[in-house]
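Trainee: The primary structure of each chain is shown beneath.
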Amino acid sequence: MSTAIAAKGFSQAAFDAYLAARDEPAWLLDMRRKAWARFQDLPLPSVRDEEWMRTDIRLFKLDRFELPDALGHGEASQGQVPHALLAAGVNLGGRAVVMNSHALSAKLEPSLAKQGVLFGSLQHLVKEHGDLLRPFFERRVVDPHKDKFAALNAACWSGGTLLYVPKGVRIEQPLHALSAISNGGVDLDKTLVILEPGADATMLSETASTDTTGGGMHCGSIELIVEQGARLRYVNLQNWGHEVWHFAHQKGHVGREGRLQWTIGALGSRLAKVNQHVAMTGPDAEVQVNGVMFTEGKQHLSYNTHQHHQAAFCKSDLLYKAALQDKSRTVWRGMIRVERDAQRTDAYQRNDNLMLSRDARADSIPGLEIEADDVRCTHGSTSGRVDDQQLFYAMTRGYTRREAVRMIVAGFFQQVFDRITIESVRDALSEAIGRRVSDIKGL
Amino acid sequence: MIETLKITNLHVSVGEKQILNGVNLTINRGEVHALMGPNGSGKSTLAGVIMGHPNYEVTEGTIELNGQDILEWDATERARAGVFMAFQRPMAIPGVKMADFLRHATTNVRNPQRKEGEQLIPMREFRKELREKMTQLKMDEEFARRYVNDGFSGGEMKRAEILQMAMLRPKFAILDETDSGLDVDAVKLASQSIAEIGGAEMGILIITHHDRLLEHNTPDFTHVILGGRIVETGGVELARELYTEGYEKVRERHPEDAAIEKEMAAKDKQLVGGGV
Ligand SMILES: Nc1ncnc2c1ncn2[C@@H]1O[C@H](COP(=O)(O)OP(=O)(O)OP(=O)(O)O)[C@@H](O)[C@H]1O
Ligand SMILES: [Mg+2]
Chain A
1 MSTAIAAKGF SQAAFDAYLA ARDEPAWLLD MRRKAWARFQ DLPLPSVRDE EWMRTDIRLF
61 KLDRFELPDA LGHGEASQGQ VPHALLAAGV NLGGRAVVMN SHALSAKLEP SLAKQGVLFG
121 SLQHLVKEHG DLLRPFFERR VVDPHKDKFA ALNAACWSGG TLLYVPKGVR IEQPLHALSA
181 ISNGGVDLDK TLVILEPGAD ATMLSETAST DTTGGGMHCG SIELIVEQGA RLRYVNLQNW
241 GHEVWHFAHQ KGHVGREGRL QWTIGALGSR LAKVNQHVAM TGPDAEVQVN GVMFTEGKQH
301 LSYNTHQHHQ AAFCKSDLLY KAALQDKSRT VWRGMIRVER DAQRTDAYQR NDNLMLSRDA
361 RADSIPGLEI EADDVRCTHG STSGRVDDQQ LFYAMTRGYT RREAVRMIVA GFFQQVFDRI
421 TIESVRDALS EAIGRRVSDI KGL
Chain B
1 MIETLKITNL HVSVGEKQIL NGVNLTINRG EVHALMGPNG SGKSTLAGVI MGHPNYEVTE
61 GTIELNGQDI LEWDATERAR AGVFMAFQRP MAIPGVKMAD FLRHATTNVR NPQRKEGEQL
121 IPMREFRKEL REKMTQLKMD EEFARRYVND GFSGGEMKRA EILQMAMLRP KFAILDETDS
181 GLDVDAVKLA SQSIAEIGGA EMGILIITHH DRLLEHNTPD FTHVILGGRI VETGGVELAR
241 ELYTEGYEKV RERHPEDAAI EKEMAAKDKQ LVGGGV
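Protein chains in written order, with the working numbering: chain A, 1 to 443; chain B, 1 to 276.
Honestly, the hints are just simulated from the structure, not real lab data.
Heads up, simulated DSS-like pairs for lysine-lysine below, C-alpha to C-alpha not over 30 Å straight-line:
(1) B:128 <-> B:138
(2) B:97 <-> A:441
(3) B:115 <-> B:97
(4) B:6 <-> B:262
(5) A:34 <-> A:127
(6) B:6 <-> B:115
(7) B:115 <-> A:327
(8) A:441 <-> B:115
(9) A:441 <-> A:327
Looking from chain A toward chain B, a few residues come up when the C-beta cut is under 8 Å (computed):
(10) 392
(11) 394
(12) 395
(13) 396
(14) 397
(15) 398
(16) 399
(17) 400
(18) 401
(19) 408
(20) 411
(21) 412
(22) 413
(23) 414
(24) 415
Beta-carbon label-pair distances, calculated as ranges:
(25) A:418 <-> B:188: 34 to 40 Å
(26) A:298 <-> B:200: 55 to 61 Å
(27) B:66 <-> A:91: 53 to 59 Å
(28) B:154 <-> A:431: 33 to 39 Å
(29) B:196 <-> A:419: 39 to 45 Å
(30) B:199 <-> A:91: 49 to 55 Å
(31) B:199 <-> A:327: 51 to 57 Å
(32) B:14 <-> A:418: 35 to 41 Å
(33) B:245 <-> A:419: 54 to 60 Å
(34) A:439 <-> B:60: 40 to 46 Å
(35) A:33 <-> B:123: 56 to 62 Å
(36) B:125 <-> A:326: 34 to 40 Å
(37) A:373 <-> B:150: 33 to 39 Å
We put the beta carbon where it would ideally sit given N, CA and C, even for glycine.
This is chain A alone, in the form it adopts within the complex (with noise of 0.2 Å):
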């Protein structure tokens, strides 16, 4: 990187250009502003923060980076884009692309835009939605004063991708999102995605380099808004090039009789830290957090998840599996938490990991904080490695020691997937892991 470049980093100067360019409602440009000064004030997470204590940022270096307007890999063409993982086989109901922040294209079914729904570049869309919008944006689903990371999200997010669903609107379709970065870019995503009541959809998101080696900064945020009685079915898939920092805020609100099931798969990346918050903040709410996780190298994985009940009747199931070779490593906190109002709560979360080296490390922080007295939350961790029995009883039946660790990881994985109930989605996304199984070394 030149350091033409590098001295640009997130100045004041360039913050101000930067929003000068943006022509947005100022409402909008208030809130970057607040979080900015946040920005500003807050120092980078150390060791010293409890939440990162199992993750090493010293060597990231944020001034080797800059806001995405002056980098000018944006105009990227359609060829340069990863292949999109999820939308194999998958009938879609719309399709946007983001570039190192900006927004490249969108498509949305005319008929689903006839009925009112609204799907691309959330950079784009604000603007012309902004009444809209603005008291989702005002509700601060994830909070942009939490640490440096969201607040410099908060400030300066850049394109982006929304989905917003009119009360009682069905998508059967799913609606697929794909943010990328060149290397050594940055991508400054914010995701937002509203179901207003009686409204359902599934939608896709997919992160990935253009370069499978490359680096890169992701600093991004997701929204999820699930109002009553809306069901949301969300899949994320993190594919970044393996030197990128991913550095992510995702959270869920659930209102009243709301469904979310959240699936999240995690491939890429150097370091990863990701907090993926869930709130029912209305009663008989359901929440259904996969997560999947595979690893390799020296990559860092670290989960901070959080399911917190705020509600009475609602029931969260949380899991987690893990799949680690080489000297890679993975965090996984979890944390229940129920207030006091939250009676009769159902809470569960598990945490599995499959240790496919000597020198993998997992580690798993379960935690519950419960304020109400009538509640039933459970928690569950494993690690392991490949079963010998297992290896050696497919051996018998003509498998190499290598096929059968593959097919046994395969396997693993495989019990996340069936917790998906549309088919071609669950098939996709367990084509984009199987992918990386078939890559297995062995022991």
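With chain A's structure known, arrange chain B with the ligands on it following the hints.
Mentor: What follows is chain B with the ligands alone, placed relative to chain A:
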């Protein structure tokens, strides 16, 4: 040339513990052998060693397949050479469908030279054959979509083992208590099926405590194992004597081996969790 699986003076131990003390056994393709013996006498160990289980250490003796020493072969190579074992306790592989598991297995065993990543048997062809075999074994089609032995009942697992044998068409098959867990009708069916699959094609070693599996598979030879050694070999009438009268007489006829048996059992009690 008749194909032969030949075990000579086989001594096997696990850690410090000696389990087999010089087993001799020759099985020709086309023959049925019954292996009987009290609990803990080493039957499953013998089966496991023939299959190449890595936990067992062969300290003396040989296992030959058609004159070739196979002791250095791993389980994969033995399976691809046509050796099969139906497990006394099959392993579950969650998340892997029986049909997918078997398609891959069948491809590998039928094409021993297959390299990883090479084509599998065409789906249609495989499905057709699998369906036929399942019908023959009176298994529900749903079975193929279930995960390998995951949540199977004891009887279902044993049926699935026979199904696998039917698909893999081995030259030599060891059935380790395949009758246990099966209900009366299922054993009968299993006995018939094994005869149909095996016929003159296979050399079969049936490990059992009962007579039912032998109904349609009349043993050419019955072997009695005691204290890690085959102490007697006879015809079908020996099997009959054993499942009606038990092993007391055998022990009386072979006091030395009975003493070893006692010693082994005593050691087991000392070892924490020393079961099978
Ligand atoms: N992996 C092992 N580690 C320790 N001991 C073992 C192991 N495998 C077998 N043994 C011991 O070797 C002896 C023989 O066991 P084996 O399973 O071969 O008996 P078996 O004849 O098949 O008995 P059963 O009729 O109960 O199935 C037993 O004492 C058993 O505890
Ligand atoms: Mg046994």
